[in-house]
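Residue numbers (my numbering), protein chains in the order written: chain P, 1 to 137; chain E, 1 to 137; chain D, 1 to 137.
In short, the hints are calculated from the structure, not lab data. Wrong hints could be hidden among the right ones.
Identical copies carry no separate label here, and so any pair may be met within one copy or between two of them.
[To be verified] Each computed SDA-like pair below joins lysine to any residue, with the alpha-carbon atoms no more than 20 Å apart:
(1) 68 - 1
(2) 68 - 106
(3) 68 - 48
(4) 29 - 7
(5) 29 - 84
(6) 29 - 94
(7) 29 - 64
(8) 29 - 82
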Amino acid sequence: VRQVTAELYARVQHFYARQTHALDSGNFKEYVDTFTEDAIFQHSPDAPPARTRAGILAAAEAHREAHKGDRVTRRHYFNQIVLTPLPDNSVRATLYALVVRTRSGETVPEIWPSCLLEDILTVDDDILLRSRHISYD
Amino acid sequence: VRQVTAELYARVQHFYARQTHALDSGNFKEYVDTFTEDAIFQHSPDAPPARTRAGILAAAEAHREAHKGDRVTRRHYFNQIVLTPLPDNSVRATLYALVVRTRSGETVPEIWPSCLLEDILTVDDDILLRSRHISYD
Amino acid sequence: VRQVTAELYARVQHFYARQTHALDSGNFKEYVDTFTEDAIFQHSPDAPPARTRAGILAAAEAHREAHKGDRVTRRHYFNQIVLTPLPDNSVRATLYALVVRTRSGETVPEIWPSCLLEDILTVDDDILLRSRHISYD
């Protein structure tokens with residue numbers, strides 16, 4: 001990637017919108033397809049990263065199983081996306097994330113955590129997520 | 001609409017920014033002009049939808065009248081916009097919405113509700129909202 | 001600026017993303033470089049505006065000094081950006097801002113204040129902020 005064009009910026013925003021909708025609606029097949037086959041996802045400071053689409057899918061399913069009684073709707077808000085071109089067909093994306101959680105039967109959501117995401121995206125006909133590192137505030 | 005170009009994505013973002021500013025500032029004339037003349041707005045699960053610009057204006061004015069003593073500033077945040085082209089001159093937009101409410105004399109806002117919006121937008125020289133369906137979390 | 005193109009809209013979004021990251025990470029040199037040399041920043045209704053990059057830097061450093069024991073991570077979320085072209089090489093940007101504050105050792109952030117920003121941006125090879133007026137809800 002040579003420079004951050006308007007086309008790239010809009011494509012990245014749309015990519016994140018589709019990724020968060022897939023995750024929040026529980027469409028994990030579509031969600032893991034937003035990662036590269038060999039992706040690395042460092043989602044927690046206390047655990048090793050998830051690796052490969054199969055590993056990221058397993059982590060998502062384990063999270064759902066652990067929270068299956070919660071009856072909480074989660075919505076990921078990604079914002080303030082800074083892009084830095086890298087020498088190959090990729091780009092670094094640094095962005096903010098908030099999760100909005102609404103418990104069934106309540107109207108006022110809980111909003112946490114607040115995070116910094118550091119992603120590497122590959123940019124070809126499709127955009128895919130090659131690595132993600134989450135820092136919790 | 002054939003494909004989601006950067007131009008379309010930016011136009012849709014700008015459309016929503018102008019629509020929310022018009023609504024939140026109480027400029028209802030400008031707000032209803034963001035809808036098509038024959039728009040349908042399903043704003044509540046418990047009531048029939050508002051129909052046509054005149055009907056949507058009446059609903060907005062009724063809401064203001066019902067809350068006129070509240071002294072609350074509302075700000076609508078729309079985010080995570082996913083666009084899907086439709087066969088005619090329209091596009092489906094699926095997006096998240098949060099309302100930030102600050103009571104006069106207080107600094108900490110209440111943030112609710114969290115919603116999913118499902119919109120149909122017509123895309124010509126201007127973008128207009130033809131239908132909206134709100135799902136509350 | 002003659003019209004709001006997709007290129008301009010994406011450039012402005014990226015500009016605000018970089019500005020907020022610089023501010024929130026304490027990189028004040030990069031932060032003040034997002035202002036014009038002669039910028040005016042009306043950040044409080046009760047104080048005179050900060051003027052020039054040197055004055056804005058001094059205000060940022062004074063704010064950090066006053067809050068140095070707080071151990072709070074702040075993240076500025078800017079959204080709902082409305083652009084209005086102006087007759088010269090500038091554009092008016094009207095947008096919403098929220099600050100998300102997470103105290104060290106806690107996970108649930110405080111979200112305040114909610115603001116309206118009225119900015120004038122100069123648009124050349126770079127985008128720079130010439131003036132900012134903040135209205136707190």
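Structure-based check of each hint:
With identical chains, the CA atoms of residue 68 and residue 1 are never at most 20 Å apart, being 41 Å at best within one copy and 39 Å at best between copies. For a Cα distance limit of 20 Å, the shortest separation of residue 68 from residue 106 inside one copy, 18 Å, qualifies, whereas the shortest one across copies, 25 Å, does not. In this assembly of identical chains, residue 68 and residue 48 lie within 20 Å of each other by CA distance neither inside one copy nor across copies; the values are 23 Å within and 33 Å between. In this assembly of identical chains, the alpha carbons of residue 29 and residue 7 never lie at most 20 Å apart, being 27 Å within a copy and 29 Å across copies at closest.
Within a single copy, residue 29 and residue 84 get their C-alpha atoms only as close as 29 Å, which misses the 20 Å cut-off; across copies the closest is 19 Å, which meets it. For the homomeric pair residue 29 and residue 94, the shortest alpha-carbon distance between copies (19 Å) is at most 20 Å, but the shortest distance inside one copy (25 Å) is not. Only within a single protomer do residue 29 and residue 64 lie at most 20 Å apart by alpha-carbon distance; the minimum there is 14 Å, versus 43 Å between protomers. For the identical chains of this complex, residue 29 and residue 82 are inter-copy neighbours only, at 17 Å across copies versus 27 Å inside a copy, given an alpha-carbon limit of 20 Å.
Hints 1, 3 and 4 from the list above are not met by this structure, while the remaining hints are.
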